[in-house]
Amino acid sequence: MAESVFIAGDWGSTHLRLYLCCLNSIEITSGPASETAEILAIRNGPGCSKIDNDFEQIFFDLVADWIEQYGPVPVILSGAVGSNIGWHTVPYLDCPAGPDQIARATTKLHVRGLDLWILSGLKTLNALQTPDIMRGEELQLLGWMLTQSKQASEQIVMLPGTHNKWALVKDGQVDSFVTAFTGELYSLLEQQSMLITQPMAENFSDKFFMQGVELAKTLQPGQLLNALFGTRSRQIAAELTAEDAASYLSGLLVASDIIGSMALLNPGAQITQVVIIGNQMLSYAYQLALSSLGIAAKICDPAQIAVAGYQAVYQSLDRDRDQ
25 MAESVFIAGD WGSTHLRLYL CCLNSIEITS GPASETAEIL AIRNGPGCSK IDNDFEQIFF
85 DLVADWIEQY GPVPVILSGA VGSNIGWHTV PYLDCPAGPD QIARATTKLH VRGLDLWILS
145 GLKTLNALQT PDIMRGEELQ LLGWMLTQSK QASEQIVMLP GTHNKWALVK DGQVDSFVTA
205 FTGELYSLLE QQSMLITQPM AENFSDKFFM QGVELAKTLQ PGQLLNALFG TRSRQIAAEL
265 TAEDAASYLS GLLVASDIIG SMALLNPGAQ ITQVVIIGNQ MLSYAYQLAL SSLGIAAKIC
325 DPAQIAVAGY QAVYQSLDRD RDQ
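As numbered in our numbering, the sequence shown has no gaps in its residue numbers, which increase by one up to the final residue, 347.
One or more of the hints may lead you astray.
To be verified - Derived DMTMM-like pairs (lysine to aspartate or glutamate); straight-line CA-CA distance at most 20 Å:
hint : residue 1 : residue 2
1    : Lys-147   : Glu-80
2    : Lys-132   : Asp-195
3    : Lys-132   : Asp-342
4    : Lys-132   : Asp-78
5    : Lys-241   : Asp-195
6    : Lys-147   : Asp-195
7    : Lys-74    : Glu-178
8    : Lys-74    : Asp-85
9    : Lys-322   : Asp-118
10   : Lys-194   : Glu-208
11   : Lys-174   : Asp-156
12   : Lys-174   : Asp-325
13   : Lys-231   : Glu-267
14   : Lys-194   : Asp-156
15   : Lys-231   : Glu-263
16   : Lys-241   : Glu-226
17   : Lys-174   : Asp-199
18   : Lys-194   : Glu-178
19   : Lys-174   : Asp-124
20   : Lys-194   : Asp-118
21   : Lys-174   : Asp-195
22   : Lys-194   : Asp-124
Please keep in mind that the hints were generated in silico from the structure rather than gathered at the bench.
Generate the whole structure from the sequences, applying the supplied hints.
See below:
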């Protein structure tokens, strides 16, 4: 058994997560070797929006002991690290884009003796005729596409976060996508508006979340702003506690996101399933809301999906070096 070690990192606008990965190659007598990536360690750091131009120092401080132990290993980074608020700006790859195109769309840097590759991200023109962009989510879409033994000809994949991404995967490619401002809007309303006086924290209420969802399902275009104020007025009328208001607001925003984004991404389609790649709490909330709309949700582990994507990029770089 041979093994290769590399560092992979999802460096977004709010968080950094680094993975120390080992690619194991197991010889099989009846066929070619099988390779699989294993996570040896995980390390967290600040997102790009919290860093003032000292990306290099922060990165090397976090991985110093890994490099000391394993030497100058390859580094693969995705996310906002490749944007205008990141370490080095790299160009976007146009949609539609398949797995091989995404895996090979990288920009190489050489820093302190390390070879470092930053993924390009994706861009498209959405149904609003507005440029749309993603950085980091394309790595997860790559990993998801490569881990599916059988794919439907069309599948919607949803990636919740600060700026939610809704991607249409069609015939094995990321065909198009739309972005929703849901995560950041909720955070702004929670922290800086009069709608919420007590953060949700761990006190998520299915009951009041679903009340928000059900109201959102009845709204006509343009009525969300009116409905949002109900988060405040229902507390004044003693219909909501301060604690439950956060769940109610979340339900309003999540359901509005689902209804609007799917209509933009695949108008008129009869959607029966959405794949969700995200953290446990957000995935659960979207699963609840989707279920009320008659849509099944398949939840995928984001860490496993991400590592599968980084493995594909690493193997692509390996093939390019061999040519």
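Structure-based check of all given hints:
With a C-alpha separation of about 26 Å, the suggested pairing of Lys-147 with Glu-80 is violated against the 20 Å cut-off. A threshold of 20 Å between alpha carbons decides the hint, and for Lys-132 with Asp-195 the separation of about 30 Å lies outside it, so the pair is violated. With a CA separation close to 13 Å, the supplied pair Lys-132 and Asp-342 stays within the 20 Å bound. For the hint pairing Lys-132 with Asp-78, the CA-to-CA distance comes to about 19 Å; that is within 20 Å, so the pair holds.
Using a Cα cut-off of 20 Å, the hinted pair Lys-241 and Asp-195 is violated, with the two alpha carbons roughly 31 Å apart. Our distance criterion of 20 Å between C-alpha atoms is met by Lys-147 and Asp-195, whose separation comes to about 18 Å. Only pairs whose Cα atoms come within 20 Å are accepted, and Lys-74 paired with Glu-178 is rejected, the gap being roughly 37 Å. Between Lys-74 and Asp-85 the alpha-carbon distance is near 16 Å, which keeps this suggested pair within the 20 Å criterion.
For the hint linking Lys-322 to Asp-118, the alpha-carbon distance of about 27 Å lies beyond 20 Å, and the restraint is violated. For the hint linking Lys-194 to Glu-208, the alpha-carbon distance of about 28 Å lies beyond 20 Å, and the restraint is violated. Distance hint between Lys-174 and Asp-156 is unfulfilled; the C-alpha atoms sit about 28 Å from each other, more than 20 Å. For the hint pairing Lys-174 with Asp-325, the CA-to-CA distance comes to about 18 Å; that is within 20 Å, so the pair holds.
Pair hint Lys-231 plus Glu-267 holds up; C-alpha atoms about 12 Å apart against a cutoff of 20 Å. The straight-line distance between the Cα atoms of Lys-194 and Asp-156 is roughly 18 Å, inside the 20 Å bound, and the hint therefore holds. For the proposed pair Lys-231 and Glu-263, the alpha carbon gap of about 13 Å is at most 20 Å, so the pair holds. A threshold of 20 Å between alpha carbons decides the hint, and for Lys-241 with Glu-226 the separation of about 26 Å lies outside it, so the pair is violated.
For a cut-off of 20 Å, the pair hint linking Lys-174 to Asp-199 stands: about 18 Å separates their Cα positions. A distance of roughly 5 Å separates the Cα atoms of Lys-194 and Glu-178; the hinted pair therefore holds under the 20 Å criterion. Taking the CA atoms of Lys-174 and Asp-124, the gap is about 17 Å. The hint holds against a cut of 20 Å. Between Lys-194 and Asp-118, the direct Cα distance comes to roughly 15 Å. Compliance with the 20 Å bound is thereby established for this hinted pair.
This hinted pair checks out: Lys-174 and Asp-195 have alpha carbons roughly 11 Å apart, not beyond 20 Å. Using a Cα cut-off of 20 Å, the hinted pair Lys-194 and Asp-124 holds, with the two alpha carbons roughly 15 Å apart.
In terms of the numbered hints stated before, the structure departs from hints 1, 2, 5, 7, 9, 10, 11, 16, listed from lowest to highest.
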